[in-house]
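Need the complex rebuilt from these two chains, each delivered in its own frame; the hints are there to steer you.
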Amino acid sequence: MTTASNQSNGAPVLPATLTDAEGPKSDDVESQFITFSIGSEEYGVDILVVREIIAWTEVTQLPNTREFVRGVMNLRGSILPVFDLRCRFGMGLTEVAKTHVIIIVYVQDKLIGILADSVSQILVVKNSEIRPVPDVDLVVDQEFLAGLANSEDRMVAVLDVEHLFDPEMLRDSVDKARSMVAKGESNGD
Amino acid sequence: MAKQKGPLSQIEKFRATFFDECAERLTEIEDILETLPEADEETRSERLNELFRAVHSIKGGAGAFNFEDIVKVSHALEAALDHMRSRQITTSEDAIEKLIDGRDLLADIVDRVKAGKKAIAKRVKETVRSLEALFADVELAGAESAEAPSTEDILETAPKADSKRFAIKFKPTARLFETANDPLLIVRELKALGDLKTSLDANLLLPLEKLNPLESYLMWSFDLTTDASRDAVEEIFEFVADACALRIEEVSIEEPETASEAEVVASTGPTPRVPPPPPSSPPPTPSPQNTPTAVGSEPPPPAKVSSARKITSVRVDLDRIDTLVNMVGELVITQAMLEQYGEAVALHGGENFHRGLETMSSHMRDLQDGVMAVRMQPVKTVFARMPRLIRELSRKLGKKVRLTLRGEDTEVDKTIIELLSDPLTHMIRNSLDHGLEMPADRLAAGKTEEAEIILSADQRSGRIIIEVIDDGAGINRERVLGIAVERGLVDAGAELQPEEIDDLIFAPGFSTAEEVTDVSGRGVGMDVVRRSVQELGGRVTVLSTPGTGARFIMALPLTLAVMDGMIVRVGDEKYILPLACIIESLQLAPEDVQTVMDQAQVVRHRDEYIPLVSLASLFNVGGGLLNVSDRLVVFVETGMGKTLGLVVDDLLGQRQVVIKSLEENYLHVEGVSAATILGDGRVALILDVDGLEGMIVPMHGFQSRAAINILPENEVSP
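Protein chains in written order, with the numbering used here: chain A, 9 to 197; chain W, 266 to 983.
Simulated from the structure, these hints should not be mistaken for laboratory data. Hints are not guaranteed to be accurate.
Think about it this way: if two alpha-carbon atoms lie no more than 27 Å apart in a straight line, the pair counts; the simulated DSSO-like pairs of lysine-lysine are [unchecked claim]:
id: 1; chain 1: W; residue 1: K712; chain 2: W; residue 2: K665
id: 2; chain 1: A; residue 1: K118; chain 2: W; residue 2: K679
id: 3; chain 1: W; residue 1: K661; chain 2: W; residue 2: K679
id: 4; chain 1: W; residue 1: K429; chain 2: W; residue 2: K382
id: 5; chain 1: A; residue 1: K118; chain 2: A; residue 2: K106
id: 6; chain 1: W; residue 1: K661; chain 2: W; residue 2: K363
id: 7; chain 1: W; residue 1: K390; chain 2: W; residue 2: K475
id: 8; chain 1: W; residue 1: K839; chain 2: A; residue 2: K106
id: 9; chain 1: W; residue 1: K839; chain 2: A; residue 2: K118
So that you can see chain W by itself, here it is in the shape it has in the complex (with noise of 0.2 Å):
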């Protein structure tokens, strides 16, 4: 598919990666924001310097591409992180809250463009004046010390009081352009912090046939009225310090303006044509790695350190990945299949090849899991995202919610991570809009005023699993089985289980905003959740407390690639069962079997009488064994923690397999999760646990679907 496309031009190329890293940026970025407001002292400075970085690389690269509107915005949000790392403004809610807006309209504008879209003109403006605003209310930033190139009519004002006068010089190495950064941005930016006067020297400048274009030849004399700090002005020149002569000096506003001979400090790139030092310059410095040598200048900022970054990861395409995920996949197909004849051979003399196939099996596992562990990634990047909605919502709704985080680091394949998004966001809207309680209700309730959500991941038995959990009113009962009444979904006169009815916020068309709001409430939300999870061959449940709070628990594979499962044979057929689910099995014995209600059977094992379910029954499968006592119970545990005993023939042995998409051919299959091809190269169906249950338990007043008597009668095959 990917081949169709063509070979992208070598722009596309970098375009692409320009917009890979704006979306790692901005990820970045609003993780930051995130955590910003409860950073101390001296973290806080760090991650600033962090954003900025991140925001000037956004930046910088847009320049490159000339795409207008982002550089506009991420000036602007640099110009507002610059004034707050100068701690001019602080870190006030509102002012994250602005950068948070900047962002996000920076995301947006970093989208429209990669689709080729104009940006809206209107919302970068204001979202520009917002920014501006910010440092423009405190006292010593006057009006125009910072100004985005958009507003750039109202930059002739007149040099204030206490402003300062600049004499800079600047002389770019090719190594400037090397690391992408581009003069104009610097001349923007300078003009952004006051009245600036530009003279260019372009006498190195060479004829057409002689020149190197890689190679830069011009210089500028700047003459800036800025009430900036000397200090803002070196910032500007911090990315390119390493890559450029520079010499910034300040001059008395009364002094004419200084004499524009090329007047240069040394290069510290490997510059060839740099005109040597005249005599009035400073002495050349020593080191390559020089920050912007100023005439009595101060020690230079801490941020500067930074800048050289190990490189400890490395950007891989996905479909490389996956093809990789496929290879490793068919490798333990034909791994499977070699063990089976193995088998055989073993017996006829031939240890050494048997011995041989096992340590190959032992590397096929490593390799696998190696290969695994590249798609794997922390929810984090998923858990992020959802400070911020509670912030969103908690204020749209009127409510205080504290949110608490937890097993951020669990990992996750990489496609779950993106599908985990929508469903997540979706739990926590329906948590927040019709869980929590309004402030006076819940003291009134005799709960804090600020509710508590809890949202946490864990890894159990080869499944994810995340929560959420809320300290809200719980599940209304009486009302969701009224609208569920309503609305069709239930008969007037059913007596459900309370879980049943909790159950039934998960029904295609239910929902219990009495108004639809634009929060949740659309009747989609957790109808759209169950199935999107069982997409990804996981189940979501919820479990309530009326008054207390509710509970939504999502389990879902960690990977949708492989996993360990054991061949159960019912008749003719081969099942897979995931072996993360099964507890133990056991033959039966006629006397253990009770039949409960003259329909259901259970088994008394270990003091509990667990309930049996004949998957032969359950899918209508013939050929099998039809002695009670001839077969076997597999007691599984289903994602509500319930056990589960499955009737089945035989146990035909563990085998680790590739999980293949159903649903990709055909439809779902209910009590199926998906499918894998055996050794022999057939087709076996991976039972679904919980999907199994499903079908047994009388839904909305409905019989049960399947009959589960696994009394030989009852066992005729067609």
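Bound-form chain A, shown alone (with noise of 0.2 Å):
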């Protein structure tokens, strides 16, 4: 995490689009991911899109929000809001300890925070290394994977942070969440 951290300090401020799934983009060209654990699952984000990362904090909930929305939290001033990655990949809330790390990242000109086990490493591969996603029942939509990457022995499942939480699925998340509220569901477990 330290090293992690520290890289991101420089990051720039401005987000990069991600590398695509389908058509892999100028072979020898490096790419750098974050890679952050879940679980014992392997996770990585554009370099570019981080801005940086903090340790967990409590937040502030919102009512009748999916379960993956945590809350929201204040980033030296702004509200931003922080998503439960392991819970948008129906794996159940996670249980946050001090331990838990933030991952804020640009969207789409939003600031959110990716809640995160822990932050493993820096990733650099080229982009020929990054292979397209394998159509296998997997428990993560592959909508949500930009690619497949190795790093040394361990699989790296890169993320596509814009369609994971974009606007759109989160406006359609909330119309879900009051209709659940609506119909008398409970929202929690």
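Right, dumping it as structure tokens:
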């Protein structure tokens, strides 16, 4: 985590688009990803969209939202939402402890926080080495993955953050949450 | 963000200033044009002078930047105004209409030029012509009386019988350039008056190596044949009167041209290189603030007196103010934090520290008020655009409308002012198009032929209330309901209260216009109004009485930056309730609560049954108090003036909070207007009372969306 946060300090302000899963770009160009773990799985996000990484801080819950929206936090005066990635992938709510981290990323001009168990490393891979996601039954919806990369002996799933938390999806989820409330269903566990 | 642009070059800065100034002047012109028809004789001429000055300064600036189109149109405007001023044309409705058109075009061109685009030459020509036509109709003014530079081709007309001939000597001083005037423009204006012969005297010009570029070395002699009055000629020099040496002499037409030697009256400006006055020149004028001295001239027109205006305002970049506001906001948070610690310290003998803190917080409040006041502007700036909108629309629709403005001086934050314009325009369009009847229908209904729209602004309990009231037909509920069913907004069999039907006009995709007009009826209008008002943390509602009219009420926060709030606790969560909407709070006793129709609960209070809303169940918050009698009910007032009882666990105290947007990085959350940061650095949500009400009111025939039972058995925490 320390390495990662040091690295991210100089991260540029503007988000860069993520590598396309379908067609790998100019092959020799290297991309850097910050990888982090959720349970036993490794995920990566393009380092260019990561603004900083902070330790878990208490968030304020938002009413009637989807479960994976943990709430909002204060980042030096800005208010931004924190999403629980584990929960987003249908693996249940993260039981947060002080060791958890929030990765602050830029998505379509908005700052959002992604809750992860821990940050692992910075992965440098050639674009040619990012392979498309095979058509298998994953826990994670494939549309949220930009591709797969290898880090030593482990596989890292590169996230397409823009898709993962895009506003339309969130709006949709808000509506779903509302209709759940309307139907009297419990929103919690 | 702003830093990325990099420093502006000097010229770009001037350009920016010019456009800023243009915008201001254009607004000023619009304002004046609006009030002109009502002005009496005396104020009218003063207003015309103001108009003239405003147009002139745009023209001057544009000339300096070589924005030809702006110069052309402003010149035409100026000429028309000039004729108005000398009363050759009356300020008829039509004339003002044309002036407004001219102003619009000018505003348009300014925008285009600003964006680096070319103006539409055809429109420029048409407008210039229509403005010229204004005074061409007047018999006194001949065809060539005041031509714009665009029509130079018809300048060479023969002098008329009543033509006069002027010999003009003009020697600008350096001050003329310092005040950003351009001799070329003056020459053009002279040329516009009639047949002009110009000769330049460059005798004083120094060799290049000795030339001081800031100095003025040239002088001109003009021989002008025109049927314009002497006043008109003098007017041209009005703005450079103290920056030049000038002599205007009327000569008889037959008289041969006067000698063209450098014959100049004594300069009034600090010009070192003015030649000694030749013997034939009139005695030097004593006052430095001199009007053009012309032999045997009448007393100068009164307009010239007000040239030196006192500066009472400063133009400040909005970004700078925002930085200041933000800073104060952070200070308020820090102070709140200190106050919390201070309370603990005070208990241990730190009274002085505590007192100091209290003084500081009172200073803080003053500072904050002061900074906020900088951002405040009267709503007049938005209201001023409406008379015109109404006039245009009523003409288009063939309706007769009188507009009454009230409370224009109510002040509101600049950001709100800016965002107010669109919804207000939509609302007025809506009222005119759908609300008001045709004159004949009005007469048939026993009303006056002329309809009335009242636009009012008022400050009420920390909010600004803007109302659009019309005395039209009101909302046609039958039709509204029919359309709503047709569009699938409401189930066919749904039974709705009259108010609920009225509210449907704000539903997305709803439009009652049978055909799409260019006035309203694209099916976006009122929906957009409601959304944009909500985004501002406000709300819009309608009260309609069929047959007698409708009243749209828009309630907005006065500022988007800070507000007074009460911290309430519900379970483990803290929320901020805007202080402005709290009426009172009290402890609940179980016997006070009654259940109506097996679902809604009400509390009897002061002979009224007030619906109860449990924040915990509305927001699905766990961990709250289970016992009703331990809980508090806070009576709050909604935008519609209804009272609502919010059930909370505890009141934690009053605090001034800095409003932070939730939408900036997230989305709108129902029942929440914004967020803030508490002293401990945590985020707290600011409640939106109307939003909360909306969450319990069954809409479109649905069951209530949140259970509002507050009985213990429904309060099991997840």
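Now the hints, each set against the structure:
1. K712/W <-> K665/W: At roughly 12 Å apart (the allowed maximum being 27 Å), K665/W and K712/W satisfy the hint.
2. K118/A <-> K679/W: Status holds; Cα separation ~25 Å.
3. K661/W <-> K679/W: The given pair, whose Cα atoms are some 32 Å apart, is violated under the 27 Å limit.
4. K429/W <-> K382/W: violated (42 Å)
5. K118/A <-> K106/A: Between K118/A and K106/A the Cα gap is close to 25 Å, so the pair holds against 27 Å.
6. K661/W <-> K363/W: holds (16 Å)
7. K390/W <-> K475/W: violated (44 Å)
8. K839/W <-> K106/A: holds (22 Å)
9. K839/W <-> K118/A: Since the Cα atoms of K839/W and K118/A sit roughly 25 Å apart, the hinted pair holds (cutoff 27 Å).
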